[in-house]
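Protein chains: 2
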Amino acid sequence: MLEQIDQQAQRLMWEVRQQTLQLMTKKFNVAEKTSARDLVTTVDKQNEKMIDERLKTIDPACRIVSEEGFGDQVDDLKGHVWIVDPIDGTMNFVMQKRNFAIMMGLYVDGQPTLGYIMDVVEGTLYHGGKGMGVFANQQRLHTPENKSLADSLMVMNGYLTMNNVHGLQKAARKARGLRMYGSAGIEMIYVLTGCLGAYVSHLHPWDLAAGRVLAEELGLVVKSIDDDHLNVLSSNLVLVATKQAGQDLLTIAE
Amino acid sequence: MLEQIDQQAQRLMWEVRQQTLQLMTKKFNVAEKTSARDLVTTVDKQNEKMIDERLKTIDPACRIVSEEGFGDQVDDLKGHVWIVDPIDGTMNFVMQKRNFAIMMGLYVDGQPTLGYIMDVVEGTLYHGGKGMGVFANQQRLHTPENKSLADSLMVMNGYLTMNNVHGLQKAARKARGLRMYGSAGIEMIYVLTGCLGAYVSHLHPWDLAAGRVLAEELGLVVKSIDDDHLNVLSSNLVLVATKQAGQDLLTIAE
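Protein chains in written order, with our numbering: chain A, 1 to 254; chain B, 1 to 254.
Isolated chain A, as found in the complex (with noise of 0.2 angstroms):
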């Protein structure tokens, strides 16, 4: 059952990145949420419109959680949750049209199951679940090498690294380089494929779910950095990073 979900949901992923192509060509609205920092386009509503829908298709008994909220109201990881982030990385869509991604992520019973990160403008999807193995379109990707934090390029946003959050400056002064693209799904791909050694942003639900799935099964950490568990249903600082990397910078975190 859950092979016939996922290659339910691949299809849909590709028709989604379809959808937002096309979108792309025209006129959208660009909307402020809390800031000008933090948009809404007509595009990421539309995509999330399709998205839930579809999904109540594929997989009737379950309940989802949206970024633009035309998911459904959910306060337990009880039985099939998903959770969708239809335009990942609005402000790069905006300002770049590219470094943006669609994103969504099935928990069942609370567990990290399957997981999908589309590369819009490259055409690349990711995607696998827990024991399936993690796949760029049909590439088997392999476990990154296990690097350590001074032998890795990281990312971590403005607003930590500018307000030295947890004093992690000092982690960035450690790793080779910093990298900063606007993403979550960019830089999660960024990590999944040894391009980056670690990844630390501060992530909502939906910026996180398909990640964790995928990086997950590659063996990678996966921590929350404040508290001794990730919480699925809200937001968290949250490492992602090759297994030395993030026992690296546990290590310098303060």
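These aren't lab readings, by the way, just hints derived from the structure by calculation.
Restricting the straight-line Cα-Cα distance to at most 30 angstroms, the calculated cross-link-like pairs of lysine-lysine (DSBU-like) are: (1) Lys174/A / Lys170/B; (2) Lys174/B / Lys174/A; (3) Lys130/A / Lys56/A; (4) Lys45/A / Lys78/A; (5) Lys27/B / Lys243/A; (6) Lys56/A / Lys33/A; (7) Lys243/B / Lys33/A; (8) Lys26/B / Lys243/A; (9) Lys243/B / Lys27/A; (10) Lys174/A / Lys223/A; (11) Lys243/B / Lys26/A; (12) Lys33/A / Lys97/A; (13) Lys174/A / Lys27/B; (14) Lys56/B / Lys78/B; (15) Lys174/B / Lys26/A; (16) Lys97/B / Lys223/A; (17) Lys97/A / Lys97/B; (18) Lys33/A / Lys170/B; (19) Lys130/A / Lys223/A; (20) Lys170/A / Lys97/B; (21) Lys170/B / Lys97/A; (22) Lys130/A / Lys97/B; (23) Lys130/B / Lys97/A; (24) Lys49/B / Lys33/B; (25) Lys223/B / Lys97/A; (26) Lys97/B / Lys174/A; (27) Lys174/B / Lys27/A; (28) Lys243/A / Lys33/B; (29) Lys174/B / Lys170/A; (30) Lys243/B / Lys223/B; (31) Lys97/A / Lys174/B; (32) Lys170/B / Lys170/A; (33) Lys97/A / Lys243/B; (34) Lys243/A / Lys97/B; (35) Lys33/B / Lys56/B; (36) Lys174/A / Lys45/B; (37) Lys174/A / Lys33/B; (38) Lys78/B / Lys49/B; (39) Lys56/B / Lys130/B.
Once you have looked at the hints, place chain B on chain A.
Relative to chain A, chain B alone:
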């Protein structure tokens, strides 16, 4: 004559791209220059050798400034001076196999004249020159919208950000968001195509030469932040930006 040089220089860029892609599929050697954050590979060296040799045929009376030292000793800007970066973003090249560029710029009696930035993985050559326009492969680029800093994404590297050089954190907080890609060539391309409103970095001659030609031709601001004017043959703390974002940023910088 410049037109002929331009045609041959474009062909050269595609051939160096081809060589790079071939060398990337094999094992190559990586060495540290000044530190673990300052790398050189055999690909940098083979590319530079190829470019320098070919430029001597394309533009026989020229002199060449190139990063890895196969060029000439150049202390003045008389006549034709080419400034070459055989792999820009060597760290990304080594760690990510993406987000790096090949660049060369021609200065005639000190004047920015022709510029070339090859995004190797994407296969896009950004090229043009004074009075010739700027192109991404065959497509002409238009001057990016004159956005303010508050309406722009900006790039500033980790060192400048974490040390708050010239109080530039204030500019980053004013911008829509901060990004870091780790390659001057890729970051220049992002400004040329309107994906970034402002880019601040400490640049060597080979990091700046090509991008400056193209940015100035598009009517963008290219300025030294430390000095009254840019020195083509030495390093500068440089701002590349839309007119408005540039003005906003210079008002903020201490």
